[in-house]
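S.K.: The residues making up each chain are set out below.
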Amino acid sequence: MSDNDTHTSAVRLDGVTKVYGEGSAAVHALRGVNVAMAKGSFTALMGPSGSGKSTLLHCAAGLDTPTSGRVLLGRTDLSSLNEKRLTELRRERAGFVFQAFNLIPALDVLGNVTLPLRLAGKRPDRTWLSEIIDRVGLRERVHHRPSQLSGGQQQRVAIARALVARPDVLFADEPTGALDSRTAADVMRLIREVVDDVGQTVIMVTHDPVVASYADTVLILADGRVVERMPAGDAEAIARRMISAEVA
Amino acid sequence: MIWLALATLRDRKVGFVGAFVALFFACAVVTACGILMETGIRGHAQPDRYAAAPVVVAGANEVSRTDTTGEDTLWAPLPERASVPDDVAALVAEVDGVTRTEWLDPGMALGVHGPGHPDDLAARVADVLPADVLTAYTGRGRGAAEFPDQAESQEFMLALSGSFGGIAVMIAIFVVAGTFGLLIQQRRREIAVLRAIGATSSQVRSMILREIQLVAVVAGVLGVLPGVVVARWLHREFVARGAIDPSFELAIGPLPALIAVATGLAVASLAGWTASRRASRINAVSALGEAAVERTGLGKGRVIASIAFLGLGVMILILASAAGGEDAAAGPLGAVLMIVVAVALIGPAVMRLVVRAVGNLLIRLAPTSGYLAVASLTSGTRRFASAMAPLLVLVALAGVTIFFHTTMADNADRQARSGLLADHVLVAAPEEPGVPDGVSAQVRDLPGVTAVTEVVHTGITGYTRELGETVLTSMVAQGVSGDAVQAMDLDLRAGSLDELTGPTVALSTLAASAFRADVGDTVEVHLGDGTPMELDVVAIYGRGLGFGLVTVPDDLVRPHTTSQLTDQVLVNGGDPADLDGVLADYPEVVAVSGDGYLDTLGELREDEAWINYLVIGVLLVYVAVSVVNTLVISTGERARELALLRVVGGSRRQLFGMLRLEALVVAGTAVVIGTIAMLAALIPGGIILAENPIPGIRPLIYAGLVAVAALLSLGAVLVPGRLLLARQLTVASER
Ligand SMILES: Nc1ncnc2c1ncn2[C@@H]1O[C@H](COP(=O)(O)OP(=O)(O)O)[C@@H](O)[C@H]1O
Ligand SMILES: [Mg+2]
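Chains as they are written, first to last, in the working numbering: chain P, 1 to 248; chain E, 1 to 735.
In short, the hints are calculated from the structure, not lab data.
No experiment lies behind these values; they were computed from the predicted model shown.
Each residue gets a CB set at the ideal place from its N, CA and C atoms; glycine is no exception.
Hints are supplied without guarantee of correctness; some may be wrong.
Unchecked claim - Derived, one-sided and incomplete: chain P residues facing chain E with beta-carbon distance under 10 Å:
1. Ala61
2. Phe98
3. Trp128
4. Arg145
5. Ala162
My request is simple: use the sequences and hints to build the entire structure.
M.R.: Following this line, the structure appears as structure tokens:
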């Protein structure tokens, strides 16, 4: 799947708009977004609540279709894909981590982690699986059910599952939103390691400047538009820019 | 916390609609049964012509006895009506206080006039009447005397509404309990928050109970009207098919509606109480975490109750087998009810066992869908068990109701076919009361005729033993004249039919066990019209289902029947042309071959089954609603799980496959256990009643039953499943 053209972005959105509803009830969640994320980059999407962060992520990942505009995952134009191809794309080229309810309660840790492979009818790559399990530190708990894990452990399982198929892009929507700051820091360190060690492309929504500071680049959204693009730097700088974006 | 309130409100709407639907239909069905039962109890016809006299003397319509302790009253309806002889009429006219008598129906009903309260007059008149045979009727009772068919209609209504209502209430308990279980499961988070902010577990419990009771009352009140409609429809069908007399009108009063609403409230409170007890134990921390996984353990109480019900089922079978007579017929249904309750109580454990047994096979057949289905079946056994229970009840009860009838019909047919030796059967033409007396004498003189047997079909009421107590049991009886040994082979086990003259009786093995009697013993009975008599047992025979549970001399019982006519004449040998010659003078009699007669009997037995189909049909609709209800709720609950599976890369086809396999496992479990429960009742029932273990299952009807169970289950999962799978994937990330 991966191509050698290093100039191709991992994800690119061209003039993407998203309108929910119609007429006077219409909500313009995205008002023309043009962004590109390079391979191996770690991007944080920030912005006030309702600014369209989740919508952007959903459109980028093919969970939702834009009202207009184009989304490219690698060289694949998502709008050209039918339902079946989109499903294949999701399980082979994208990984997802949400704030909560990431796991299938009926499956144990190992079952959850290997689920995308099973759905694709593929055998797990033993060494890679083993490496992921070790990375997320769940070797002792592979046969535990999600309900037997702490919130931080559950997010680690979700990250392991998102990585198991070696996706082109890892999409995360507030992955630490339900965690305390220490556990959040652990999870963020884990994501950062994956970016640094494996060259994983990551796009993550967050409203927490501290969390965003683990990224390479921060995009700030306001009212459906990208209003700022800055290197992540330290949390305080991000917080200041956030406030100015909100005021603007 | 707004999200919580909104989310629970949205979820709760589905849950409460489900509970509402379950209770609404439960109330409708219970109301319908209640109306039929009240009609059975109150449904005496008003006397019309017989109202002309304050007291009416006519044949008794029931026999009753007060036992030695003076408490329990033995009671049984009588199949025949005695006539009122002239000498009795003369005696009545002489009774103190009687001013005038008149024939309301000559020879059948005598109107008695006199001053004072009719009951006092009746009591004095009764003193001169032959006990048990003639009755002095007063008030509404005169209606029963005027319309003797009413009593039959009444009995029919009571028996039907009793069994129908019992099954309906039981299904209602399973369905309502299952629905509430789901409702509570859905509200775990809300409850956890309440607990976290300091609500005591009893506050949580009473909140849930209040809500449930409110829903129960509203649903109950609204369910009354459809119940009335169902009762009217059933009544119309019964009349149209001749099961009840057209003059027997539906009695619609407020009582059934009140009982139905109260039953709904009671069932809901019971179900709500158990569910809320579980809910109030919810641990705040665990419930707020990852999507809930069910508690897997089974309560000790459930296991004990389940074992108790299983034991009860076995006991009922044993008791029924000892009861003999027609009471034994009630055994299988009761036993199945108990077995089904026993299984439903430990439903989650049963589902777990089933999944363990078929899990590997499913995964081998469908690696992805099978794997997902097995995982969700394993972790959601409680949910799947509550969908399985009503299906199980349906398969088991419909199966046993329908196939008990066919099993007995098959056995009766088999016995009649192997036992009937006569070559020709003379029967009354349609609408004719019987075969006139002269016929058999003329037939006997025909060339080639070796035996002629007159047969009268009636009933006797016997004092039998049950659980060490004496009870009155109605038994089908045949009266046969001298040549019976040549006309029918009753499969004699002891004694001889040659001695069947005078006050004697031959008992089928079933009747013998009910009387605890053997050859040489004496049994105490009432003949068809109520005449008390002691009969010497001269023979025991095997073919009771085919020919009648007891056999008595024709000349002993025929005078005690309403028509006093022969029902059939069995002829051995002779030429059909000669027979037709004799019958030319008797247009009210037709001759058929032995086989032709048996075929007609078989068809009649099949026709009797319609009543089962009708009632099963109503219950089927009810169960269908319940199953769909439960499954729709539990599938709806999985919106997030399905969306998440799609996000992670599951195709619609795979998830559809998963839902389909789950539905099939649920239906399959219900069918297999339901069939086992059914056979567990039918096989012993057949052995006890007919010494034949082979149940008379009609493959087509059985296949239909299985198909209905599978379709209900599949439809109820796949339709909402399709809607959910068509929804936005972004619900996976909603909070
Ligand atoms: N399914 C939907 N239907 C209607 N409006 C929606 C839907 N999803 C999001 N919105 C609206 O679109 C806007 C952007 O939402 P979202 O992308 O979730 O914002 P964020 O994640 O930045 O908080 C908000 O105004 C939200 O109410
Ligand atoms: Mg968001």
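S.K.: In ascending order, which of the hints set out earlier in this document are inconsistent with the structure?
M.R.: 3
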